[in-house]
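With chain A fixed as given, assemble chain B onto it according to the hints.
Protein chains: 2
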Amino acid sequence: MKITGEMLIGARSVRGSEGIVRSINPATGEEIGPEFGGGSAKDVDAACSLAARDFDAYRAIDLEQRARFLEAIAQGIVDLGDLLVERVMSESGLPRPRVEGERGRTVGQLKLFAGLVREGRWLDVTVDRAMPDRKPLPRADLRAQKIPLGPVAVFGASNFPLAFSVGGGDTASALAAGCPVVAKSHPSHLGTSELVGRAIQKAVADCEMPEGVFSLLVGEGNAVGEALVAHPAIQAVGFTGSRRGGRALVAIAAGREVPIPVFAEMSSINPVFVLPGALAERAETIAQGLVDSVTLGTGQFCTKPGIVIGMEGPDFDRFERAAEASIEAKSATTMLNKGIHSAYEHGTKQWAGEAKVSKLASGQAASATCGGQPMLFATKGEPFLTTPALMEEVFGPATLLIACRNEEEMVAVAKHVSGQLTATLQLAERDIELARRLVPVLERKAGRILVNGFPTGVEVSHAMVHGGPSPATSDSRATSVGAMAIERFLRPVCYQDFPAALLPEPLQDSNPLHLWRLVDGKLQQP
Amino acid sequence: MKITGEMLIGARSVRGSEGIVRSINPATGEEIGPEFGGGSAKDVDAACSLAARDFDAYRAIDLEQRARFLEAIAQGIVDLGDLLVERVMSESGLPRPRVEGERGRTVGQLKLFAGLVREGRWLDVTVDRAMPDRKPLPRADLRAQKIPLGPVAVFGASNFPLAFSVGGGDTASALAAGCPVVAKSHPSHLGTSELVGRAIQKAVADCEMPEGVFSLLVGEGNAVGEALVAHPAIQAVGFTGSRRGGRALVAIAAGREVPIPVFAEMSSINPVFVLPGALAERAETIAQGLVDSVTLGTGQFCTKPGIVIGMEGPDFDRFERAAEASIEAKSATTMLNKGIHSAYEHGTKQWAGEAKVSKLASGQAASATCGGQPMLFATKGEPFLTTPALMEEVFGPATLLIACRNEEEMVAVAKHVSGQLTATLQLAERDIELARRLVPVLERKAGRILVNGFPTGVEVSHAMVHGGPSPATSDSRATSVGAMAIERFLRPVCYQDFPAALLPEPLQDSNPLHLWRLVDGKLQQP
Numbered sequence: 406m407k408i409t410g411e412m413l414i415g416a417r418s419v420r421g422s423e424g425i426v427r428s429i430n431p432a433t434g435e436e437i438g439p440e441f442g443g444g445s446a447k448d449v450d451a452a453c454s455l456a457a458r459d460f461d462a463y464r465a466i467d468l469e470q471r472a473r474f475l476e477a478i479a480q481g482i483v484d485l486g487d488l489l490v491e492r493v494m495s496e497s498g499l500p501r502p503r504v505e506g507e508r509g510r511t512v513g514q515l516k517l518f519a520g521l522v523r524e525g526r527w528l529d530v531t532v533d534r535a536m537p538d539r540k541p542l543p544r545a546d547l548r549a550q551k552i553p554l555g556p557v558a559v560f561g562a563s564n565f566p567l568a569f570s571v572g573g574g575d576t577a578s579a580l581a582a583g584c585p586v587v588a589k590s591h592p593s594h595l596g597t598s599e600l601v602g603r604a605i606q607k608a609v610a611d612c613e614m615p616e617g618v619f620s621l622l623v624g625e626g627n628a629v630g631e632a633l634v635a636h637p638a639i640q641a642v643g644f645t646g647s648r649r650g651g652r653a654l655v656a657i658a659a660g661r662e663v664p665i666p667v668f669a670e671m672s673s674i675n676p677v678f679v680l681p682g683a684l685a686e687r688a689e690t691i692a693q694g695l696v697d698s699v700t701l702g703t704g705q706f707c708t709k710p711g712i713v714i715g716m717e718g719p720d721f722d723r724f725e726r727a728a729e730a731s732i733e734a735k736s737a738t739t740m741l742n743k744g745i746h747s748a749y750e751h752g753t754k755q756w757a758g759e760a761k762v763s764k765l766a767s768g769q770a771a772s773a774t775c776g777g778q779p780m781l782f783a784t785k786g787e788p789f790l791t792t793p794a795l796m797e798e799v800f801g802p803a804t805l806l807i808a809c810r811n812e813e814e815m816v817a818v819a820k821h822v823s824g825q826l827t828a829t830l831q832l833a834e835r836d837i838e839l840a841r842r843l844v845p846v847l848e849r850k851a852g853r854i855l856v857n858g859f860p861t862g863v864e865v866s867h868a869m870v871h872g873g874p875s876p877a878t879s880d881s882r883a884t885s886v887g888a889m890a891i892e893r894f895l896r897p898v899c900y901q902d903f904p905a906a907l908l909p910e911p912l913q914d915s916n917p918l919h920l921w922r923l924v925d926g927k928l929q930q931p
Numbered sequence: 406m407k408i409t410g411e412m413l414i415g416a417r418s419v420r421g422s423e424g425i426v427r428s429i430n431p432a433t434g435e436e437i438g439p440e441f442g443g444g445s446a447k448d449v450d451a452a453c454s455l456a457a458r459d460f461d462a463y464r465a466i467d468l469e470q471r472a473r474f475l476e477a478i479a480q481g482i483v484d485l486g487d488l489l490v491e492r493v494m495s496e497s498g499l500p501r502p503r504v505e506g507e508r509g510r511t512v513g514q515l516k517l518f519a520g521l522v523r524e525g526r527w528l529d530v531t532v533d534r535a536m537p538d539r540k541p542l543p544r545a546d547l548r549a550q551k552i553p554l555g556p557v558a559v560f561g562a563s564n565f566p567l568a569f570s571v572g573g574g575d576t577a578s579a580l581a582a583g584c585p586v587v588a589k590s591h592p593s594h595l596g597t598s599e600l601v602g603r604a605i606q607k608a609v610a611d612c613e614m615p616e617g618v619f620s621l622l623v624g625e626g627n628a629v630g631e632a633l634v635a636h637p638a639i640q641a642v643g644f645t646g647s648r649r650g651g652r653a654l655v656a657i658a659a660g661r662e663v664p665i666p667v668f669a670e671m672s673s674i675n676p677v678f679v680l681p682g683a684l685a686e687r688a689e690t691i692a693q694g695l696v697d698s699v700t701l702g703t704g705q706f707c708t709k710p711g712i713v714i715g716m717e718g719p720d721f722d723r724f725e726r727a728a729e730a731s732i733e734a735k736s737a738t739t740m741l742n743k744g745i746h747s748a749y750e751h752g753t754k755q756w757a758g759e760a761k762v763s764k765l766a767s768g769q770a771a772s773a774t775c776g777g778q779p780m781l782f783a784t785k786g787e788p789f790l791t792t793p794a795l796m797e798e799v800f801g802p803a804t805l806l807i808a809c810r811n812e813e814e815m816v817a818v819a820k821h822v823s824g825q826l827t828a829t830l831q832l833a834e835r836d837i838e839l840a841r842r843l844v845p846v847l848e849r850k851a852g853r854i855l856v857n858g859f860p861t862g863v864e865v866s867h868a869m870v871h872g873g874p875s876p877a878t879s880d881s882r883a884t885s886v887g888a889m890a891i892e893r894f895l896r897p898v899c900y901q902d903f904p905a906a907l908l909p910e911p912l913q914d915s916n917p918l919h920l921w922r923l924v925d926g927k928l929q930q931p
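If you read the sequences in order, they're chains A and B. Counting from 406, one number per residue, gives the positions in the first sequence under our numbering. Counting from 406, one number per residue, gives the positions in the second sequence under our numbering.
For reference, chain A alone in the conformation it holds in the complex (with noise of 0.2 Å):
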């Protein structure tokens, strides 16, 4: 398999024709070839036209043989080995474990994915039957399943160039649900989204699958994401980026003339609360433990701890020179691009500008270009709670301290926060009365609350809920990551008295799919 610099529409490959985007390798700066040419108006209503010529053929599949596309993708990206591998890590800056690491997430995604398509259980097959007899009126025979809700639009994310793009989450999770998906490169990652995104057609062609159900494009700016989204085939779109291009997005869905829902995962500061009890007994820990999680993938991740709170005192003071000491240890690493580096560098410089924010302590600069400087900030309850910029994530290797004079004072900083993705606490056995009064106001800031851990790795299971209130997503009632991730593009349809002739499989009485079912609101086992 070769890079072409085409993108992908249908099973044709298309040499875009509107400007032309390149790849740069942030470590040196240099340009990686070749170049690949940008999307038109033209292109993009080619690859949703497609999508939606084909929906209805790919809806119409069985669930095994989509499970079967899903495992033919995942194998298809094992496969490109180390041209992938390679071509991520001087695309991104990214180290090799670290892309590789990825790369088994990306395929075990797709795994899981093709699993539940298996089991259907997300159908939600429910069935009311008839009551002829019911007075005063008789009740129809009413059935219901999940559909898909069309074809999907999904950006590939900066940070995460094989989990989080063209075969990433948002493609495996509306692929399981039966929507096609037209994909959006990264501009920084071009070359690795054209060869996951070659991976897929293959699978597609292999699998026999219409060749609508995929296309990848490529852009120069925002015009081919803006008409991408405003395109009327397209029904549903996946997101993971910044807050300013999700809530584009956002709003040119629902500008639409029929809006469409967009699931954005955009920003986050994640606050870690170290409780009193918990640094009494391992502040030097603690402190080693988050500074690994602030400086793991440089902090790209949308998880990294931004800001962490604790109570003044001795312990708090232990823990920040812990935290000092291990900062200082740690080297500048490159970052996924120049305009990430620059952004990280004017938030950091922010910080240290404000009157009440004092820089404690950096990591060892950065030699090459791109580098990503390890620093850590400190401040006090009072000013984080009046200063709005201090709730601005800054994403990179940076976080910030902030001492509170007591716990109504955390408890208050816990209520001010805003939507976030992640909530951690660090307790010991004594710390549980105040963890009481601290659970209930962060269930209603964060998808996920963690205890004693670091809110960076995102399992991909079952229980995982990658998501929260605005501004972390779009929508607080879904999650991009694990298996509720189907659940974001689908809907119910209720078939009313319809003839066996003309029912939905999984709605048929025989159960011919071996589907959960809930039958007159009980719960029955296929």
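Each hint should be verified, as a subset may be incorrect.
Heads up, the list lumps identical chains together, so a pair's fine if it works in one copy or across two of them.
[Claimed, not checked] Okay, derived cross-link-like pairs now, SDA-like style, lysine to any residue, Cα gap no bigger than 25 Å in a straight line:
hint: 1; residue 1: Lys-927; residue 2: Pro-917
hint: 2; residue 1: Lys-927; residue 2: Gln-470
hint: 3; residue 1: Lys-820; residue 2: Asn-627
hint: 4; residue 1: Lys-820; residue 2: Glu-910
hint: 5; residue 1: Lys-927; residue 2: Pro-911
hint: 6; residue 1: Lys-785; residue 2: Val-924
It is worth saying that the hints were derived from the structure and are not from the lab.
For chain B alone, coordinates are given in the frame of chain A:
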């Protein structure tokens, strides 16, 4: 219990000071006392602040008590007896049997949700057990449940003074989910709303619920409703009404600093496809059933059949004649209010004025004020496909017959219609092949598809879907009727590595609430 013209803010009765709102008897045009005082921005804030204050207390109350609270509301509505029935009749023009039936439905709805609350399956308890020895990385203990979103604003619907208003489906499902409700009375049935509101207020007191769990506001014009949706405490909105009203609320909700979901059920023309075999077999029976459905409740149902599509020819002519005769045998009946009556007059005049639309027949003219005269119109497939105005809902007892030249044109009409609450197929055995072409199209257009029935009459059960793609609703993934309606007001939260002492009850190892649980991807019966 007495109607005082006051609002209910928590446990208090408050006389509004911003203007006067009056109930009018649509049958006589006469005012019904007492006068209601309109609420101010301060009143909105007082109700919302109480709801926010008491949200945590309410959601912490155990499920059995929450279920009993819903049952107490149901009993309270029954206990209002004839006082309520007569007030609804005088404020809505609806006849006694319909009002009593709607009361039964409202009470049944509250009881359905009480049962759901007790069973707790909607908590979606999901447990992924820790795998401390997994390589390369251990898996944490991950447990998820659904929690309520927060205070919900509920707007009463004009056409269901009980079932979709102050104590209707939105309120029942929001309270069941654990969300406080701030309702706004529909100006057409202020007294009805106050009575039901007082029954809820009494249930709050009797069941020792925190007072902020329910408030009822009155507003002159739109200011109170707009302030309610804009209030930071409100976390979701339930609305049934016009497309203009729904879209206005959606825009306010999207423009908030923290946007919130709006579940607006707006407009639908509910296409009925009468297939050739069915017409050959029973044109007259279908015509009679259709006209009964069109004129039921003076055509004031969101599911009223607004267009009827058949294939031209002798059987369709026979069907038209029979429908004419049926319409002519119907009388005008009182519409809900003056505004709805004039919109109906305007809408039918507009149809009559379209070049290629003819008025086939009308029922007996109205004697009383606000009488809605049944009307039957006809057009052909081609003008329907090219006249956008014919896709607008005309709310009232009128329908439009559309004669298509052939199957292709019929399928084209199905593809052309916008999002709907329902779509119906009247078919005979020999129509199955044509139906198989139509069903996949209609699945993408409607929330419910019926065979050989009529869409009015919406069962409140587990499999019901009263929703559909835009413009039928603002969120096609939701239903506002039936058990699934609770899902609108819930969001998932994941708890990672929580010690037993902190775990919410539904997630505890011993499963003390006897809930269905998904453990490591396998559903387990309690």
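Right, here's what the structure says about each hint:
1. Within a single copy, Lys-927 and Pro-917 get their C-alpha atoms as close as 19 Å, and across copies as close as 20 Å, so both meet the 25 Å cut-off.
2. For a Cα distance limit of 25 Å, the shortest separation of Lys-927 from Gln-470 across copies, 22 Å, qualifies, whereas the shortest one inside one copy, 30 Å, does not.
3. When the C-alpha separation of Lys-820 and Asn-627 is checked against a cutoff of 25 Å, the pair qualifies neither within a copy, at 36 Å, nor between copies, at 31 Å.
4. For the homomeric pair Lys-820 and Glu-910, the shortest alpha-carbon distance between copies (23 Å) is at most 25 Å, but the shortest distance inside one copy (49 Å) is not.
5. Within a single copy, Lys-927 and Pro-911 get their C-alpha atoms as close as 17 Å, and across copies as close as 19 Å, so both meet the 25 Å cut-off.
6. Taking the shortest Cα distances, Lys-785 and Val-924 never come within 25 Å of each other, neither inside one copy (56 Å) nor across copies (42 Å).
Hints 3, 6, counting from the list given before, are not met by this structure.
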